[in-house]
Amino acid sequence: MTVEFDTSSPKFAEYAEPGRLVTGEWLEARLGQPGLVVVESDEDVLLYETGHIPGAVKVDWHTELNDPVVRDYVDGKGFADLLSSKGISRDDTVVIYGDKNNWWAAYALWVFSLFGHEDVRLLDGGRDKWIAEGRPITTEPTVRERTKYPVVERDDSVLRAYKDDVLAHLGNPLIDVRSPEEYNGSRTSAPAYPEEGALRAGHIPTAKSVPWARAVAEDGGFKPRAELDAIYREEAGLSDGDPIIAYCRIGERSSHTWFVLKHLLGFENVRNYDGSWTEWGSAVRVPIVTGDAPGEVPGRS
Amino acid sequence: MIERMTETTLPASLAEIRDEFLELPEPERLQLLLEFSNELPAVPARYEGHQELFEQVLECQSPVFIAIEVDDDRVAMFATAPREAPTTRGFASILVQGLSGLTVDEALAVPDDYPDSIGLRRAVSPLRLSGMTGMLARAKRQIRAKRHSS
Numbered sequence: 001m002t003v004e005f006d007t008s009s010p011k012f013a014e015y016a017e018p019g020r021l022v023t024g025e026w027l028e029a030r031l032g033q034p035g036l037v038v039v040e041s042d043e044d045v046l047l048y049e050t051g052h053i054p055g056a057v058k059v060d061w062h063t064e065l066n067d068p069v070v071r072d073y074v075d076g077k078g079f080a081d082l083l084s085s086k087g088i089s090r091d092d093t094v095v096i097y098g099d100k101n102n103w104w105a106a107y108a109l110w111v112f113s114l115f116g117h118e119d120v121r122l123l124d125g126g127r128d129k130w131i132a133e134g135r136p137i138t139t140e141p142t143v144r145e146r147t148k149y150p151v152v153e154r155d156d157s158v159l160r161a162y163k164d165d166v167l168a169h170l171g172n173p174l175i176d177v178r179s180p181e182e183y184n185g186s187r188t189s190a191p192a193y194p195e196e197g198a199l200r201a202g203h204i205p206t207a208k209s210v211p212w213a214r215a216v217a218e219d220g221g222f223k224p225r226a227e228l229d230a231i232y233r234e235e236a237g238l239s240d241g242d243p244i245i246a247y248c249r250i251g252e253r254s255s256h257t258w259f260v261l262k263h264l265l266g267f268e269n270v271r272n273y274d275g276s277w278t279e280w281g282s283a284v285r286v287p288i289v290t291g292d293a294p295g296e297v298p299g300r301s
Numbered sequence: 001m002i003e004r005m006t007e008t009t010l011p012a013s014l015a016e017i018r019d020e021f022l023e024l025p026e027p028e029r030l031q032l033l034l035e036f037s038n039e040l041p042a043v044p045a046r047y048e049g050h051q052e053l054f055e056q057v058l059e060c061q062s063p064v065f066i067a068i069e070v071d072d073d074r075v076a077m078f079a080t081a082p083r084e085a086p087t088t089r090g091f092a093s094i095l096v097q098g099l100s101g102l103t104v105d106e107a108l109a110v111p112d113d114y115p116d117s118i119g120l121r122r123a124v125s126p127l128r129l130s131g132m133t134g135m136l137a138r139a140k141r142q143i144r145a146k147r148h149s150s
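The listed protein sequences derive, respectively, from chains A and B. Residues 1 to 301 in our numbering are what the first sequence spells out, letter by letter. Residues 1 to 150 in our numbering are what the second sequence spells out, letter by letter.
Since no wrong hints were added, every one of them can be taken at face value.
Output of the computed footprint for chain A on chain B, the stretches with three or more beta carbons under 8 Å from beta carbons of chain A: (1) 33–46; (2) 77–89; (3) 123–132.
Once the Cα atoms are required to be at most 20 Å apart in a straight line, the calculated DMTMM-like pairs of lysine to aspartate or glutamate come out as: (4) B:Lys-146 with B:Glu-106; (5) A:Lys-58 with B:Glu-84; (6) A:Lys-129 with B:Glu-84; (7) A:Lys-223 with A:Glu-25; (8) A:Lys-58 with B:Glu-35; (9) A:Lys-86 with B:Glu-28.
Treat the hints as calculated values from the structure; they're not laboratory data. Fair warning: this is a prediction, and the values are worked out from it, not measured in the lab. Cβ coordinates follow ideal geometry from the N, Cα and C atoms, glycine included.
Work out the full structure, taking the sequences as your base and the hints as a guide.
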């Protein structure tokens, strides 16, 4: 029951997978269509309650996609329970949007992808652009009939990198999407964010610094293909066939970049290191580089 | 019950707010937090255009600013936070309502872990709640500083 792709945008047509994005106009015209579920995922856990796209359900990263005890995502049963309770079926087209230029929306999309949910898309520009365009918002609670989402085990082997994977990966392209201050080691978290969760500051040796927001256009949507190619291929030196790992502080900003590399630019082997700096910056004896230069691969003993 | 551990030193205003939250089933606590968020009072006119009178709560993910006044041993707290950050606004509103009107000693006796006691750890997540803990710590620090200068 997959919903047709949004082919209305010349900008999308240039991307490797144009169908991964939808415009506000396309979405507004299809609200309530069977087979389509709109999901809001925000940094602020209450933002959805202040008004959301009519019919949208909320999926919260902290309280719903994370395991409450272990630092991990929910398992296959947890995900099936969650999506069933939200009224989402395995073959539904899911369109996710959120605050902060879709950081958490991209994070949710990535987690849905770990469970192999096939048709999951982002609303280009997210919540802010939808509102800026004067599209409808409601505080009316969404009621969807419970579904029976199947229990599918999460596959971490393709899209997710663990710390040991990153160590083994050194020498291959790494993209650090945090702020320049976090990259060079003057801070452990983004400016205006709490200093939290990492004992050392700096970056993983050889990682190139490409702050996530460089992929965002002035209207809050993604930049056109040519501009993204200039940043990631020409400037950061990524080439087709490269295995790539992106990281940030906890994996949410790097999900945004992961989405760009994987779905908009078509790099096939892109993983998100969700442990990111809160793990690397506190791990014992992993190599760290400070300063603005990427640094060298340390010698292995 | 951990949530009741701090009973002895908690002022009535904050105890009432805590009980309001704990009486609700968890999913409804978010709605109550949203009500607090909507109730955050506007700052007095004398603060308008005087950003330097505010202290930013860096523990919060959103730009929230607080100001404390101590007048004749009574505390008044003011806060600003954007509409797009309702959770942070809700935290600020709870503290503004709970701390304003207390004596300096009553306010300083508020347990630092008050935010952990209002039943929001699961509904909001501990990481988000730490923003409120930071806000309370900064408010108490300002109260201490201003008690001596008032």
